[in-house]
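Line order of the protein sequences matches chains A and B. Residue numbers for the first sequence follow my numbering, so the first one is 12 and each next one is one higher. Residue numbers for the second sequence follow my numbering, so the first one is 2 and each next one is one higher.
If you are wondering where the hints come from, they were derived from the structure by calculation, not from laboratory data. Cβ atoms here follow ideal geometry from the backbone N, Cα and C, with glycine treated the same way. It is possible that part of the hints are untrue.
Unchecked claim - One side only, chain A facing chain B, incomplete, derived with CB under 7 Å:
#1 V48
#2 A133
#3 K235
#4 R400
#5 S403
#6 P404
Unchecked claim - Only pairs whose alpha carbons sit at most 27 Å apart, straight line, appear in this in silico DSSO-like list of lysine-lysine:
#7 A:K31 <-> B:K160
#8 A:K163 <-> B:K159
#9 A:K261 <-> A:K19
#10 A:K254 <-> A:K264
#11 A:K243 <-> A:K182
#12 A:K23 <-> A:K167
#13 A:K163 <-> B:K160
#14 A:K60 <-> B:K142
#15 A:K278 <-> A:K179
#16 A:K195 <-> B:K109
#17 B:K34 <-> A:K405
#18 B:K109 <-> A:K91
#19 A:K167 <-> B:K34
#20 A:K63 <-> B:K159
#21 A:K28 <-> B:K160
#22 B:K105 <-> A:K85
#23 B:K42 <-> A:K405
#24 A:K28 <-> A:K63
#25 B:K34 <-> A:K85
#26 A:K182 <-> A:K31
#27 A:K167 <-> B:K79
#28 B:K28 <-> A:K28
#29 A:K59 <-> B:K160
#30 A:K31 <-> B:K142
#31 A:K23 <-> A:K70
#32 B:K105 <-> A:K31
#33 A:K59 <-> B:K42
#34 A:K19 <-> A:K163
#35 B:K34 <-> A:K59
#36 A:K64 <-> B:K47
Claimed, not checked - Sample of chain B residues with no beta-carbon within 10 Å of chain A, all distances over it, derived:
#37 G9
#38 D39
#39 K47
#40 K50
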Amino acid sequence: MAMTITEKILAKHSNKKIVKPGELIDAGIDIIMCHDVTTPPAIGMLYKKGIKKVFDPNKIVVTPDHFIPNKDIKSAELAKRLRDWCRSCNIKNYYEVGRHGVCHALLPEQGYILPGEVIIGADSHTCTYGAFGAFSTGVGSTDLAAALATGKLWFKVPESIKFILNGKLPKGVYSKDIILHIIKNIGVDGALYKAMEFTGETINELSVEARMTITNMAIEAGAKSGIMEADKKVIDYIKQRTKKKFEIIKSDKDAHYIETREYDVSKLEPVVAFPHLPSNGKFVSEIKEGIKIDQAYIGSCTNGRIEDLRIAANILKGNKVKEGVRMIIVPATTEIWKQALKEGLFEIFTEAGATISTPTCGACLGGHMGVLGDGEVCISSTNRNFVGRMGSPKSFVYLASPATVAASAIEGKIADPRRYL
Amino acid sequence: MGKAHVYGRAHINTDEIIPARYLTTDKEEELAKHAMEDLDKDFINKVKKGDFIIAGDDFGCGSSREHAIWALRGAGIKAVIANTFARIFYRNAINNGFLAIECKDISKKVKNGDELEINIEKGIIKNLTKKEEYKFTPLPKFVLDIMKAGGLLDYISKK
Numbered sequence: 012m013a014m015t016i017t018e019k020i021l022a023k024h025s026n027k028k029i030v031k032p033g034e035l036i037d038a039g040i041d042i043i044m045c046h047d048v049t050t051p052p053a054i055g056m057l058y059k060k061g062i063k064k065v066f067d068p069n070k071i072v073v074t075p076d077h078f079i080p081n082k083d084i085k086s087a088e089l090a091k092r093l094r095d096w097c098r099s100c101n102i103k104n105y106y107e108v109g110r111h112g113v114c115h116a117l118l119p120e121q122g123y124i125l126p127g128e129v130i131i132g133a134d135s136h137t138c139t140y141g142a143f144g145a146f147s148t149g150v151g152s153t154d155l156a157a158a159l160a161t162g163k164l165w166f167k168v169p170e171s172i173k174f175i176l177n178g179k180l181p182k183g184v185y186s187k188d189i190i191l192h193i194i195k196n197i198g199v200d201g202a203l204y205k206a207m208e209f210t211g212e213t214i215n216e217l218s219v220e221a222r223m224t225i226t227n228m229a230i231e232a233g234a235k236s237g238i239m240e241a242d243k244k245v246i247d248y249i250k251q252r253t254k255k256k257f258e259i260i261k262s263d264k265d266a267h268y269i270e271t272r273e274y275d276v277s278k279l280e281p282v283v284a285f286p287h288l289p290s291n292g293k294f295v296s297e298i299k300e301g302i303k304i305d306q307a308y309i310g311s312c313t314n315g316r317i318e319d320l321r322i323a324a325n326i327l328k329g330n331k332v333k334e335g336v337r338m339i340i341v342p343a344t345t346e347i348w349k350q351a352l353k354e355g356l357f358e359i360f361t362e363a364g365a366t367i368s369t370p371t372c373g374a375c376l377g378g379h380m381g382v383l384g385d386g387e388v389c390i391s392s393t394n395r396n397f398v399g400r401m402g403s404p405k406s407f408v409y410l411a412s413p414a415t416v417a418a419s420a421i422e423g424k425i426a427d428p429r430r431y432l
Numbered sequence: 002m003g004k005a006h007v008y009g010r011a012h013i014n015t016d017e018i019i020p021a022r023y024l025t026t027d028k029e030e031e032l033a034k035h036a037m038e039d040l041d042k043d044f045i046n047k048v049k050k051g052d053f054i055i056a057g058d059d060f061g062c063g064s065s066r067e068h069a070i071w072a073l074r075g076a077g078i079k080a081v082i083a084n085t086f087a088r089i090f091y092r093n094a095i096n097n098g099f100l101a102i103e104c105k106d107i108s109k110k111v112k113n114g115d116e117l118e119i120n121i122e123k124g125i126i127k128n129l130t131k132k133e134e135y136k137f138t139p140l141p142k143f144v145l146d147i148m149k150a151g152g153l154l155d156y157i158s159k160k
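Here chain A stands alone, though its shape is the one from the complex (with noise of 0.2 Å):
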């Protein structure tokens, strides 16, 4: 029988030679990604089960990242439990402050990630890695600690929905705009349980880094994953990071979809989405009037890697953020932070006005370091804008590419990149 590239990976995972939609099944897991605000309420568990080990340390990943540098003292007493756990259970994998990173920008970048793969991490985002052609899907804590104490867990296998994307990127429009315009047409539910899979042209032109913003993004359609096919970048990317193996796994020609969506990105514009749902996008151009801001944020899973801090230089350069603005830049991980300072991207931010910060989560879910006050307005390249998400509930974020972040910055309301580029 046709599979999916989804399905066959969960087949394989789950010692089956098929695997339907709908099916529930018990899968093998090749990698646990653990953080600082999910894992240690599952440390608590396996410790009240008296389970004080995992079922192998190789296959977890830990990165405090969301509320660090401890913010306050209870986040502290969380990155502690996290630690402490790791090193009673022997986790090598463990990246502490001062070599960590955001987590789904850092497992990637540290080879951690390989396509044919089940990969599991207690955070919504972990659909990001779909884009090496692995199922990748965001857990809770208790699934974490089931997963932590045995390798497994059950999944029901998700139907998939096919995108076809077509054309070439115009000037000034990244994957950013391509997944928030997806996301304004099928809404924040429209692949609610479903897989995702992502193909076409547009697709394999991207880089692997841009890739990562389509998937990663996923969720904020209700989906299970997100998932491309690995190509010739993908494994080019993963062979200058690591010399384990990995198999390659396609969907079949014939394969069934209950969906099949074609988009033409080539007439597409800028897209930021208003508060306070991923789903309210409109064109740049559409936005008539002048949307003030207070702050403009780039970072995060979704767009804090090194060609986002590019994008955003490029457009920086020689210009000031608008006085009354505060922009704030967060390289998503210890490497890209140094890559950035190698280039001298850090003299033209803070030429033009803008703050860096060490690698964190952040402000991006109202943490810290940029966390907004009553009625302030944020022109963010991160991923949510619900009320609340980034400080106070009277606040209001807008969800855009680095790039129109970047001019936004630079007009002091929300602004179109393509006057800069």
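Here the structure of chain A is known, so what remains is to put chain B in place on it, guided by the hints.
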């Protein structure tokens, strides 16, 4: 028997159910103080043990934080009954032995303050105030077994 608290809007997300600024604890009683805070500051004063939340489409979308379940359970909520649920929230509910029930158009049928009773095995919600009954698809055996065991970890331990 418990009272219905209707929040009929679609896409009530985990940032509203329990804002991230409170995720530095996993204690249910602590989280409960801030349950639904950004949506309804009075929530915790309105609800009593055994009450129900009635919601619209896609309840619990957003982050994977299980703290959303713990906050609601800590506040005394017996079940969330929604038109539909977001995936991770629904899964977390099952894994915690917490009732999340999908019932079509429920947000239009139940009014704030209605007294409700649920029969899980039969898949029936009784509205004692309006003297109506609403059917929902009974939970699959696999899910009921996890719930009866008290959650996923107890279920696995027993297996």
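Status of each hint after checking the structure:
no., hint, verdict
1, V48, "holds (5 Å)"
2, A133, "holds (6 Å)"
3, K235, "holds (6 Å)"
4, R400, "holds (5 Å)"
5, S403, "violated (9 Å)"
6, P404, "holds (4 Å)"
7, A:K31 <-> B:K160, "holds (25 Å)"
8, A:K163 <-> B:K159, "holds (16 Å)"
9, A:K261 <-> A:K19, "holds (8 Å)"
10, A:K254 <-> A:K264, "violated (30 Å)"
11, A:K243 <-> A:K182, "holds (24 Å)"
12, A:K23 <-> A:K167, "holds (15 Å)"
13, A:K163 <-> B:K160, "holds (14 Å)"
14, A:K60 <-> B:K142, "holds (24 Å)"
15, A:K278 <-> A:K179, "holds (9 Å)"
16, A:K195 <-> B:K109, "holds (26 Å)"
17, B:K34 <-> A:K405, "holds (20 Å)"
18, B:K109 <-> A:K91, "violated (47 Å)"
19, A:K167 <-> B:K34, "violated (34 Å)"
20, A:K63 <-> B:K159, "holds (18 Å)"
21, A:K28 <-> B:K160, "holds (25 Å)"
22, B:K105 <-> A:K85, "violated (41 Å)"
23, B:K42 <-> A:K405, "holds (13 Å)"
24, A:K28 <-> A:K63, "violated (35 Å)"
25, B:K34 <-> A:K85, "holds (17 Å)"
26, A:K182 <-> A:K31, "violated (41 Å)"
27, A:K167 <-> B:K79, "holds (25 Å)"
28, B:K28 <-> A:K28, "violated (43 Å)"
29, A:K59 <-> B:K160, "holds (18 Å)"
30, A:K31 <-> B:K142, "holds (19 Å)"
31, A:K23 <-> A:K70, "holds (18 Å)"
32, B:K105 <-> A:K31, "holds (26 Å)"
33, A:K59 <-> B:K42, "violated (33 Å)"
34, A:K19 <-> A:K163, "holds (17 Å)"
35, B:K34 <-> A:K59, "holds (24 Å)"
36, A:K64 <-> B:K47, "violated (43 Å)"
37, G9, "holds (15 Å)"
38, D39, "violated (4 Å)"
39, K47, "holds (18 Å)"
40, K50, "holds (23 Å)"
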